[in-house]
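These protein sequences, in sequence, are chains A and B. All letters in the first sequence, in the order written, are residues 1 to 200 by our numbering. All letters in the second sequence, in the order written, are residues 1 to 211 by our numbering.
What the hints contain is simulated information worked out from the structure, not anything from laboratory work. Treat the numbers as computed from the prediction; the structure is a model and nothing was measured. Accuracy of the hints is not assured; some may be wrong.
Covered stretches of chain A (chain B as the covering partner; in silico rule of three or more C-beta atoms under 8 Å from a C-beta of chain B) [said to hold, decoys possible]:
#, stretch
1, 40 to 52
2, 171 to 181
3, 184 to 190
Ideal Cβ placement from N, Cα and C applies to all residues, glycine included.
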Amino acid sequence: MTRWAAVFAVSVIAISQQSAPACAHQLVPGVTGFPALMLHPLFLPHQLVCIVVAALLAGRTRPASVAPSIYAFGLGLVAAQWLRSSLPWILTHYWMALLIALVISAVIAALLERLIPPISIPLVAVLGVIVGLDTAGEGPTFSDTLQAVAATFLSATAIISALGWTLSRPWPRWVDILARVIAAWAAAAGVMVLAFALKT
Amino acid sequence: MNEVQKEHGMNLPPHTPRLQPATIALGALMLLTLAEPAFAHSGEGAAGGFISGFQHPLFGLDHVVAMVAVGLWGAFLGAPAIWILPIVFPMVMAFGGALGVAGVPIPHVEVGIATSAIVLGLMVALAARPPIWVAAIIVGAFAIFHGHAHGTELPHSANALAYSLGFVISTGLLHLGGIVIGLLAGWEFGRYVVRAGGAVIAMAGVAFLAT
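The whole structure should be built from the sequences, with the hints applied where relevant.
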């Protein structure tokens, strides 16, 4: 496990040291390159809420499955890049796919008393695909895409591991209830916007 | 340690619990009275959408008192209502919001919102303890009215998801405020304070209905 962590850390550092593409926009003034790409999911509400719901799913699952959830999310990100290149028409239905995946995942995270890995991990992977479909490099090269995916994965890993690990600890019951309330909020917001998207 | 604390596994030291609900409630009241900053821009981008949505329930006193009443009643009823209501309410409210977005008319929405304050306030004032499914149906029915009112505002927002997240979180925090104040019910004097709060909410509902 330690060796894998070291390989992961070195890979991320190596990717982050590549020449940074010119950013068309800056989310935070003065922050460019790889750090800016890492901030991207945190500043886009639809990506952030998907990552938070993935973290809630990971944290509420028994036995604790934070690490498999992170791998599943990463696989989803990579699969999304294949989908982007092979089935580009899928992007025209992106918003609807996001809302449906978000609502289903959040409702399950909120309502199920006990989550098990066969339910939660595939949902986390689907959320990874959803976030990945909206993750594109600032330029057209493979290196640009790799940096964007690595940056998104790193941000998602930070959130899923921090929130997921925290929730998986043996806290009093109200902590689990709080997680379910937050999932209910995400589900409610998703239902509202889904209705809005269906209307327009 | 009172029943609410026992049911939620709060293992507090033996000498501290009696004043704790009062302290928490006082803290919540202080937070509620904090002055909000003035925003020069609203409705721009995700942040603007979130802020607009967050402010929406707070600027309608009828929404505020009804949401606080839901939390008060949940705390009064204890487990499982104290956590079922905050989970179920946003989802049912979202259903009402979806109806509003879709343009499905619900007659007398404002009357329904005012009535929610009256009924929920009376439930707290009378210390009503119906079965949980009855409480869920009462709260859920009123959630549709509140959601419909929010939903009709949604199309004007810059970022629909951010707006929705804002108003759902704001509503949830109002519930939480009600729950925290409602924890006073674990204290003998606090029980009367909470019930008096319910009566004030019911009277406010009557005033909303009259105007």
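Each hint tested on the structure:
1. 40 to 52: holds (count 5)
2. 171 to 181: holds (count 6)
3. 184 to 190: Contact hint for the stretch 184 to 190 of chain A vs chain B: holds, 7 residues under 8 Å.
Every hint, counting from the list given before, is met by this structure.
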